[in-house]
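Please model the complete structure; the sequences and the hints are all you need to start from.
Number of protein chains: 2
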Amino acid sequence: MRYELYYWAGIQGRGEFVRLALEDIGAEYVDAAREPGGEARMLRLLDGELVQHPPFAPPFLKSGNLLVAQTANILAYLGAHHGLAPDDEAGRLWAHQLQLTIADLVDEVHDTHHPIASSLYYEDQHQEARARAADFLKSRAPKYLGYFEKVLARNKAGDGHLVGAQLTYPDLSLFQVVAGLRYAFPHAMAQLEPKHPRVVSVHDRVVARPRIAAYVASPRRIAFNQHGIFRHYQELDSKD
Amino acid sequence: MRYELYYWAGIQGRGEFVRLALEDIGAEYVDAAREPGGEARMLRLLDGELVQHPPFAPPFLKSGNLLVAQTANILAYLGAHHGLAPDDEAGRLWAHQLQLTIADLVDEVHDTHHPIASSLYYEDQHQEARARAADFLKSRAPKYLGYFEKVLARNKAGDGHLVGAQLTYPDLSLFQVVAGLRYAFPHAMAQLEPKHPRVVSVHDRVVARPRIAAYVASPRRIAFNQHGIFRHYQELDSKD
Chain A
1 MRYELYYWAG
11 IQGRGEFVRL
21 ALEDIGAEYV
31 DAAREPGGEA
41 RMLRLLDGEL
51 VQHPPFAPPF
61 LKSGNLLVAQ
71 TANILAYLGA
81 HHGLAPDDEA
91 GRLWAHQLQL
101 TIADLVDEVH
111 DTHHPIASSL
121 YYEDQHQEAR
131 ARAADFLKSR
141 APKYLGYFEK
151 VLARNKAGDG
161 HLVGAQLTYP
171 DLSLFQVVAG
181 LRYAFPHAMA
191 QLEPKHPRVV
201 SVHDRVVARP
211 RIAAYVASPR
221 RIAFNQHGIF
231 RHYQELDSKD
Chain B
1 MRYELYYWAG
11 IQGRGEFVRL
21 ALEDIGAEYV
31 DAAREPGGEA
41 RMLRLLDGEL
51 VQHPPFAPPF
61 LKSGNLLVAQ
71 TANILAYLGA
81 HHGLAPDDEA
91 GRLWAHQLQL
101 TIADLVDEVH
111 DTHHPIASSL
121 YYEDQHQEAR
131 ARAADFLKSR
141 APKYLGYFEK
151 VLARNKAGDG
161 HLVGAQLTYP
171 DLSLFQVVAG
181 LRYAFPHAMA
191 QLEPKHPRVV
201 SVHDRVVARP
211 RIAAYVASPR
221 RIAFNQHGIF
231 RHYQELDSKD
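Residue numbers (my numbering), protein chains in the order written: chain A, 1 to 240; chain B, 1 to 240.
No lab work stands behind these hints, which were simulated from the structure alone. This structure is a prediction, so every number in the text was calculated from the model and none was measured. Check before you lean on any hint, since a few could be wrong.
Taking lysine to any residue pairs in the SDA-like style, the calculated list, with each CA pair at most 25 Å apart, reads [as the list claims (entries may be wrong)]:
#1 B:K138 / A:K62
#2 B:K143 / A:A40
#3 B:K195 / A:K62
#4 A:K62 / B:Y147
Have a look at this one:
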């Protein structure tokens with residue numbers, strides 16, 4: 001099965017969580033919007049009148065005739081088919097619950113630089129962004145990271161993974177969250193990381209996986225930049 | 001199986017999407033935080049050191065020893081066990097994708113009145129709320145409602161349901177979205193509804209279901225109020 005991933009060509013964004021899963025399972029896939037004519041094909045799948053189950057937005061994954069959208073939904077699908085999720089119902093629900101909590105965190109990261117409207121430039125909402133980012137770094141980031149630290153500490157199968165004894169798709173996403181927060185808020189993360197050693201260690205364990213290490217070193221990994229979800233604006237990072 | 005739903009006692013909030021599913025299937029359940037001592041029990045499940053799979057936040061559902069959190073995850077679980085979701089994988093993924101899109105919409109509704117920080121009062125961010133709500137009503141609400149209208153129009157099994165020929169859990173949630181938007185933004189919704197007749201008709205079909213009609217008329221249904229996700233501030237509703 002050759003998968004087609006559709007996501008904006010120039011950014012990691014939400015598509016990156018899917019890319020990491022595809023790379024980790026060694027899937028045969030094409031990052032479709034980065035191919036010639038790919039972005040137009042993506043827009044046809046979004047807006048075409050013949051699409052039976054249209055996505056609301058990228059990312060979405062084409063697997064034969066199946067079109068799956070919503071990042072966490074795509075990951076649940078890939079997880080079930082490629083051993084990146086537990087087989088039993090309780091484990092599957094737990095993995096998905098953690099992924100949806102990561103999705104909430106990612107939404108909040110986005111809103112640190114776009115608190116008023118995604119359709120406006122950052123420069124048009126940078127004052128509001130300062131207030132929102134300050135609250136995020138003071139209250140929300142510690143709450144989320146503390147939560148995942150607690151989940152890791154309570155894992156009876158060991159604190160090296162979020163779910164059970166093996167890597168599951170939320171571990172891959174937690175790696176991306178740490179990497180993204182480091183890019184966006186290096187100063188704040190330097191303060192936060194020592195308090196969340198297990199979270200950092202999931203990041204390190206994921207990036208040491210041969211396929212992920214190869215991916216991160218390859219041109220397939222788009223660099224973090226100022227168009228994605230994790231953006232670095234010095235004035236939004238904490239100073240103390 | 002007697003379910004225990006845990007959610008803040010005084011509001012519909014995200015818990016309401018779960019309540020609607022429990023009511024529609026005629027489940028035996030207790031709205032646990034509304035019982036004497038219930039909120040303390042909820043906080044123990046959130047923060048207690050013995051909880052193996054702690055939720056990040058309410059709502060969560062206790063089903064025997066299973067604790068399931070994240071609204072869309074709870075609905076997928078209930079849907080699979082009570083005929084509120086398709087049996088086949090493609091249908092199940094499609095229903096969940098729609099639910100996650102509704103969840104995104106609900107997040108954006110929340111941020112219309114709390115664009116800077118959930119921890120601050122509305123009054124401390126009402127200027128920013130005006131800007132965010134204006135963008136929401138101009139761009140985002142039409143985009144979401146137009147999307148669900150399109151999904152209904154393209155349903156080969158008929159435009160009375162989002163997924164296939166029968167009611168599934170996203171239909172119940174779409175009812176709640178329409179009801180909530182009417183409460184929060186009556187003026188804007190009066191303009192939007194005629195353009196989205198199929199969405200409105202899902203609302204009407206859901207509220208005509210005997211169990212939902214009985215629920216909505218009962219004291220179990222908490223009224224919309226100014227502490228929930230859908231809030232009515234006249235200055236945030238559109239004027240033209």
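Going through the hints against the structure:
1. B:K138 / A:K62: violated, 31 Å
2. B:K143 / A:A40: holds, 20 Å
3. B:K195 / A:K62: This hinted pair is violated, its Cα atoms lying about 31 Å apart.
4. A:K62 / B:Y147: Measuring from Cα to Cα gives roughly 20 Å; hence the hint holds.
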